[in-house]
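Here is what each chain is made of, one letter per residue.
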Amino acid sequence: MFGTVLIANRGEIAVRVLRACRELGIRTVAVHSTEDRDSAVVRMADRSVQIGPAPARQSYLNAAAIIEAARQTGAEAVHPGYGFLSENPDFAEVCEASGLTFIGPPAEVIATLGDKTAARAAMSAAGLPLLPGSIEPLVDVEGAARLAGEIGYPVIIKAAAGGGGRGMSIVEDPSEFSRAYQQTRGTAQTLFGDGRVYVERYLASARHVEIQILCDGYGNAIHLGERDCSVQRRHQKLVEETPAPGLPAELTARMGEVAVRGALATGYLGAGTFEFIVDTENNFYFMEVNCRIQVEHPVTEAVTGVDLITEQIRIAAGERLTLTQDDVRPRGVAIECRVNVEDPTRNFAPTPGVLEQFVPPGGPFLRVDTHGYAGYRVPAAYDSLLAKVIAWAPDRAQAIARMRRALGEFTIEGPGIRTTAQFLDRVLRDPLFAEAKHDTSLVARILEADAQAT
Amino acid sequence: MFGTVLIANRGEIAVRVLRACRELGIRTVAVHSTEDRDSAVVRMADRSVQIGPAPARQSYLNAAAIIEAARQTGAEAVHPGYGFLSENPDFAEVCEASGLTFIGPPAEVIATLGDKTAARAAMSAAGLPLLPGSIEPLVDVEGAARLAGEIGYPVIIKAAAGGGGRGMSIVEDPSEFSRAYQQTRGTAQTLFGDGRVYVERYLASARHVEIQILCDGYGNAIHLGERDCSVQRRHQKLVEETPAPGLPAELTARMGEVAVRGALATGYLGAGTFEFIVDTENNFYFMEVNCRIQVEHPVTEAVTGVDLITEQIRIAAGERLTLTQDDVRPRGVAIECRVNVEDPTRNFAPTPGVLEQFVPPGGPFLRVDTHGYAGYRVPAAYDSLLAKVIAWAPDRAQAIARMRRALGEFTIEGPGIRTTAQFLDRVLRDPLFAEAKHDTSLVARILEADAQAT
Amino acid sequence: MSSYRVPRALQNGFDEHPDHEVIELRHNGLDEVLAAVRQTAVELLAAAPQSPSTLTVRAGTVAVEMTWETAAAATTVPGAVLAPPVAATIDAGGGNILAASTVGVFYRSASPGAAPFVKEGDHVVPGQQVAIIEAMKLMLPVEADRPGEVVEILVADGESVEFGQPLFRLAAVEA
Amino acid sequence: MSSYRVPRALQNGFDEHPDHEVIELRHNGLDEVLAAVRQTAVELLAAAPQSPSTLTVRAGTVAVEMTWETAAAATTVPGAVLAPPVAATIDAGGGNILAASTVGVFYRSASPGAAPFVKEGDHVVPGQQVAIIEAMKLMLPVEADRPGEVVEILVADGESVEFGQPLFRLAAVEA
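Chains A, B, C and D are the protein sequences, given in the same order. Here the first sequence is numbered in this note's numbering, starting from 6 and rising by one per residue. Here the second sequence is numbered in this note's numbering, starting from 6 and rising by one per residue. Here the third sequence is numbered in this note's numbering, starting from 102 and rising by one per residue. Here the fourth sequence is numbered in this note's numbering, starting from 102 and rising by one per residue.
Bear in mind the hints are in silico, worked out from the structure with no lab data behind them. Heads up, some of the hints might be wrong.
Only part of the chain D face toward chain A is listed, based on derived beta-carbon distances under 8 Å [claimed, not checked]:
#: 1; residue: A200
#: 2; residue: T203
#: 3; residue: V204
#: 4; residue: A236
#: 5; residue: M237
#: 6; residue: S261
#: 7; residue: E263
#: 8; residue: F264
#: 9; residue: G265
Heads up, the beta-carbon is just placed ideally off N, CA and C, and yes, glycines get one too.
Next comes chain A alone, as it looks inside the complex (with noise of 0.2 Å):
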């Protein structure tokens, strides 16, 4: 095992991951901006060393620095968190050229599954049920119509190297096509120096549902079950459970089943997520591999037991994985909220400043995973996630109880500071919500809703 593990991130997945090294006796290096000179994270490690300014470039994405704190501070792994440099395969290599274990898949193994073209390819090998569309990289606007039009509308226009919503277009009815198709690879070639673009089926109603790996480097591979992450604002994900409200469980069975498959086909190595998405008659589709740890992975962890990061890093550290399939025996039903410092009557604007009173909540089968403190600044760089709450109970309706209940009790007051709490629970409460019978449209729906109510 490691004696000592570099945290190459912030906020609270910086703070997670150092309560599992602690766990497991491993000193913790915490790397941090000038803007983060006083966070959680900072207080609690063994070390931390100052890499640069506020902008990320210059800090959290600045490899050279952080291989330098690394060797400065005698690290021998580094842990990418999520975000920031935790799926740059160029990253992966360059710690590992510098002797530093990469806590995560190897480089070529995320260089691959980063590009959507690659990554489908793939996967279409390994037998994964795909949207109809194309394989290959588009060459010619004919050819792409000709396709669409096999495809049936409505279809979508990707970049091969976009993600994240950007550089993609909807395409409703054939007139549009070709119009679409010159701007999405124009776009795609300004915004990621790359024009390749791929078209497929595109599902106006849908449930994002994805699945959870664990693979070992002796060709062993597990899932923990899914997770359901329909409720997204503008594909931010607000809210995530497991299990998948409503999906029949041999559905669910057989997604995990095509992950191992995908996974193994793929070489991977350590914690992974594969990204499905349902339609109405749960058919599902693979979309993408997340080659990280996700924001969302405590649902995962309260539901099977399973310490997801400390198995990241005994996998890393080149054990076995202890776990077969039989040993995941999911239990209950656990929901996450993500409470975000935005205000949800600005159009979820940021609103960064000191945090007065900080006051998590507490008490039976709940977690809170926070940087947050009384007396803490939250800064105007960074992600706008301040803390993620965590409830467990033997059925959906007595965890969402327990949610509600618990985001009451969160305390969170400074001057011009707003949270998402309220409208987290704004959506706990809605029908659609509670009867499982929404898909990624309902937080739009909400929104809607509520502005024509005023």
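For chain A, the structure is supplied; the task is to place chains B, C and D on it using the hints.
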């Protein structure tokens, strides 16, 4: 289900009960002394009523004021928590007489089980194993001495009305017996106005293991496994865990069965605890029944997933147990540490005062139940229990590592404030505890060892 | 009624802390110590609300075990009973307030329709009954604890009051 | 070496926030908006550390989606590369301090045994090299950003430094 419940307690358990009520959609009434005017439960409750001055006799033990507060607020039921009036049969009786549901067993059951000799008689009739000793109270010193001889020394003489380590004498040698007998009778008479005593075998090395039970009003009773509470300082529990480390599963299963039998035999209702001691040969003996929820109930909740307070309330509301014995499938290991506001270096003297900083630990598989908050003034008038930290893990070693991580994170600061957190860590890292070779003498051994070391 | 008998839990005493467990205890002049503690407890109770806990703690003997229980301990003094506090008024903020000594319902007159015990402008003398608080069907007289003029009646007839709630504002008068 | 190629994650861009999911997005002049945001990001980055996030957020259009990413967004400006920050010194507290512009190892001379670039008492001019910081085997010159007299050298030769760590104290001199 009740519309409004009055919480006749204070501190962390009052907050715990409030959370359960809120999740059940029940309105809450907090009653409090002048001293607790700004307490957490008062801030959280839907309504609060000040029932008296600081001394418990005039507030939390003031049945008349509590009943009147219930009448004023339209409460339909009273949750007594632990301590105070929770095991007072007269209070249970007054509640019923006033048309309030007492959330606990019927008055007559509390009365029977509250009387040590009556409880011993009832349990021996139900076939539970008792330590060799007298069932009926002793009448004369000669008979007592004869019985002591038959039992074999050392013996312990206990007041029938006693409890909590008061009104008892351990006798090592027959020559001491009659003096100790007279002395104990005198103590019992002055202390409890009841001079009845009985004698039983005294075990020098023993473990304290208790069984959690639940009984509904329809003859259904289940047990939820055991708790080992052997880490005690002068009969005060410091650390509790489940399962009991090193005890064979068949043994604890048998203890569970006899506890259920004893509960059914006495017409028990609600949540209760059967206390046993287990000797070095794994023989177990019934000690007493606690007719209340206990401080350490969260460890049972952590491994079973059952919310014991919610079950108490449902049962009191006349609902049937939805759980069968087969549904109770404990998973992993849970440990609770009690963080008291005491100074271990000054013989655990309480250190009341203002908490200028109060940041409980968080993160995966961790629970904190507390009434503390930054700015809270810990009153001198009541118990020194400030927070309960509960850690869960798949195995005991990881649970201990997690607990030590959590205790290290816990920030509690204020003028004159000291806590037991560091001492608890000292206990957790003791080899005897780590190897589960400890008994109820562990804390005394540690304190002696450390005293000699300095 | 039953609540005025000595409740068994109070006879057992000391059970304010829930988790005493009886497994081993050396016999070391237990009753002398207990007697001392009981004596202290009684004296301290006679004195102001809090201090007992901290004071007995400083003893640093077996008595430490008992300090947390002081409040309850006091109730085990032979003869103690669980009765509503006597209705002697207590002083809550500003020496000119008569406050409720118990939770209950406030009545200004002995019976419906009867004349109120006092009205604004009246002068009262120590021990004079000025109202009734009904708690658990017991009528508890509220008495003035000092001379004064009733300048304001702060609670309406028939209203519920909690412990320490201001009932009357008095103005000092020449004796 | 490899870390100086444009990392793919940065080309994908905007992945600082981990949880964008692509399920539905109406096509509404996307690239114009993006162009505007990119432009803003570039300008803001040129300016001081924080503000970009808050500023672009106030737009209240699709652009809101992108504000959290500003820091990363800037790195996607075509031609951006992941190189150690240039070694122009920054000012950390008290206008008379030359501070480290990167994490690395501090060297006072060009090579072991060679004469130090500067010693206490020397006068330096803007742009004059005063030390080297080695980061990832790159030798990055540390240059004075203003004229002054070296009154104190705060780090020993060969010591590790973090970003913003004071290296030299200068005293102002007559120009």
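Inset, instruction - Mind listing which of the numbered hints don't hold for this structure, in increasing order? - result: Violated hint: only 1; rest satisfied.
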